[in-house]
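2 protein chains.
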Amino acid sequence: MSHPRSPLATPFPALPPIAGVRLATVRAGYKPWERDDLTLVRLDEGTSVAGVTTRSRCPSPEVEWCRAALTLGRARALVVNAGNSNAFTGARGRAAVEAVAARAAQGLGCQPSDVFVASTGVIGVPLPIATAEAGVSAALAAPEADWAAAAAAISTTDTFPKGAAATAMIGDTRVTVVGIIKGSGMIAPDMATMLGFLFTDAAVAPALLQAMLDRANARSFACITVDGDTSTSDTVLAFATGAAGHTPLDSADAAGADALAAAIEQVCLDLAHLVVRDGEGATKFIAVSVTGAESDGSARRIGLSIANSPLVKTAIAGEDANWGRVVMAVGKAGEPAERDRLAIRFGDTQVAAEGVAVEGYDEAPVAAHLRGSDIRIGVDLGLGEGRATVWTCDLTHGYISINGDYRS
Amino acid sequence: MSHPRSPLATPFPALPPIAGVRLATVRAGYKPWERDDLTLVRLDEGTSVAGVTTRSRCPSPEVEWCRAALTLGRARALVVNAGNSNAFTGARGRAAVEAVAARAAQGLGCQPSDVFVASTGVIGVPLPIATAEAGVSAALAAPEADWAAAAAAISTTDTFPKGAAATAMIGDTRVTVVGIIKGSGMIAPDMATMLGFLFTDAAVAPALLQAMLDRANARSFACITVDGDTSTSDTVLAFATGAAGHTPLDSADAAGADALAAAIEQVCLDLAHLVVRDGEGATKFIAVSVTGAESDGSARRIGLSIANSPLVKTAIAGEDANWGRVVMAVGKAGEPAERDRLAIRFGDTQVAAEGVAVEGYDEAPVAAHLRGSDIRIGVDLGLGEGRATVWTCDLTHGYISINGDYRS
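These protein sequence lines map, in sequence, to chains E and L.
Read in full-length UniProt numbering, the first sequence has 198 at position 198, and its numbers run on one by one without any break.
Read in full-length UniProt numbering, the second sequence has 6 at position 6, and its numbers run on one by one without any break.
To be clear, the hints were calculated from the coordinates, so they are not data collected in a lab.
You may find that some hints are simply not true.
[Unchecked claim] Label pairs and their in silico Cβ distance ranges:
hint, chain 1, residue 1, chain 2, residue 2, range
1, E, Gly384, L, Pro336, 20 to 26 Å
2, L, Asp258, E, Lys31, 43 to 49 Å
3, E, Arg35, L, Ala148, 56 to 62 Å
[What the hints assert, rightly or not] Quick partial rundown of chain E residues pointing at chain L, CB under 10 Å, derived from the structure:
hint, residue
4, Ser85
5, Pro126
6, Pro128
7, Ala130
8, Gly318
Where a beta carbon is used, it is the ideal one built from N, C-alpha and C, also for glycine.
Turn these sequences into a full structure, and let the hints guide you.
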């Protein structure tokens, strides 16, 4: 965490332990740094798993490994390496993932396919196998760690650790969902985020857990963007240990399924927002709400066109109510839009309606809103009932400094 | 031109007059500045016209006016206003365009539909009708101006005036194509550029001129990007006066048609490159060449994914041979790509092949190449014969300063 802490950072919350989940972190030494960079999560037998992974056509071997393991629906361990993404490393990278899974499986007495592996960091350098194997062995012997330690150990360029929790009632049983995530750049929609992990003591069949995660992902990680760039490693996994002891959920109609789905979605949304709050160079958290679109999907695409526009993002950085740039971004989205029905709000103030500026609108509340750090942009298309909200951050000198002011 | 001249600027070339084209520039006063901001181009009777306009769903009334006028295929005048784009101004904006065309038509004794109008500048403020009408009247009485004056008068945030020329032989007749253009931000593919105008003394039927311009546009303006943003006003128009006196060209098979098409394409390409060289904050001119794609269209989309990636653009700004970010941008393009066939070059040095880094490649020529200002990135997908080259610039603190460090 070599960059200054984001001004939008929030304190790491108090997160309860999850029965059936045991955390450990160690310093494998993927980089010459004084911090833990390998996280091992042990999961009780009977743990279900679901996941979403990057849509990149050039995924890391870890992503391919997780996709294959997800087809089995069960998990006993998760290993997360920070500092080296192992992406674009060919056969040597694949061998490294297999070695990590084998070492963990050996230690836990399970199948390698029960071990999920995720790595994050530089692209193109194979994960050093001996380093990784020694790290896993050390983690197997390490004392139990807490969520804060795990959230820190999975981080790379993050400037603060990120976690969230929610609870749900399944019958008379209270279950808990905890999530941790890392990511601050190379964040874009149409995939997960960088690396996010959810854990619950609920008992839920893998297919149902997958459906819940897919739905939550569509409304959270798929609706955030920092720079429109998509990592080769993005992975979100959800693990359900079943240790809470209620009757396992196996269909969306089961009592309590809606409550669990809502808790998972809430944790995903909280984690997604935390990633935006740690957007590289971010000084403003921006929510773009689109209404009146022809469909929800169209609303989301228009929202992302606005949220990805460098001109909109720099305007917000400059605290400039430049709604013309919002019009531009609506126009370029390639979605149904009629100029003369378009209305735009900053905060609670309508600044344009029916395709023209609102004459004499009060600039004072707009300026006050833009001076804050939580910015709301509203766009109504006046065409239909489609709606979506997407989240992004502003584009500042900080982003350029983090990504351009050095040679790797 | 309030920003420092781009370090990638080139001197304005010596451009010959075009028979049948008369230029004038005046200060209408769209902003409180000491410079000409209205350009009037008079065109001899019999001038053909073709054009491409923005794909924005929220186009300016000028764009709508030009689209309607283009259906007639003839032109007698062009009026370009700088400092106010008149976009998103509703009925008042439409009335302003009609007033400009009417005043010019009255002065020239032609139909309003023979007058093309383009405006560039702030969005959302109606073009002041009295100011515009007075400006057109003044321009009708003004002395003849040269290409440099016109290129400067159509500019807004440009840091240098832009023009190019080429010649072609049609039978025994040498014809000339001259172009001027303005644009430095809000530049993206899938449309023209901001405002570009080509003039030739060749005699060519409107439909054939349109075909030549469409083809040239697809290989030039549609292949550049500064920030992925698309203006509401983008327009490229080509005018052919026919004053060279050769037998008019009316089919692509006519002798000389290929030569004229090549000259038009060369001018479009030169102008497109000049826009990239004036990209807001640009310090590097970047050519991204994609080969081995499944189709030319796929190659272009992958090239634009690379060229629009903030992480790639900041890496080049930092003179960092970060080919992992190129892999990322290939992966996110949504086009056919196979990680293990991918090869990447910086300059003339292959840094990755068959999905892994080239072991021990010589970093010295790569570093030397990246220290220069003309950067070449090569990507071979190893899948087919599709190829494309796109052009962009780096993303620097200058872009943030120009677009974010102020309130409008």
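So, going through the hints one by one against the coordinates:
{"no.": "1", "hint": "E:Gly384 - L:Pro336: 20 to 26 Å", "verdict": "34 Å, violated"}
{"no.": "2", "hint": "L:Asp258 - E:Lys31: 43 to 49 Å", "verdict": "58 Å, violated"}
{"no.": "3", "hint": "E:Arg35 - L:Ala148: 56 to 62 Å", "verdict": "59 Å, holds"}
{"no.": "4", "hint": "Ser85", "verdict": "8 Å, holds"}
{"no.": "5", "hint": "Pro126", "verdict": "8 Å, holds"}
{"no.": "6", "hint": "Pro128", "verdict": "15 Å, violated"}
{"no.": "7", "hint": "Ala130", "verdict": "19 Å, violated"}
{"no.": "8", "hint": "Gly318", "verdict": "4 Å, holds"}
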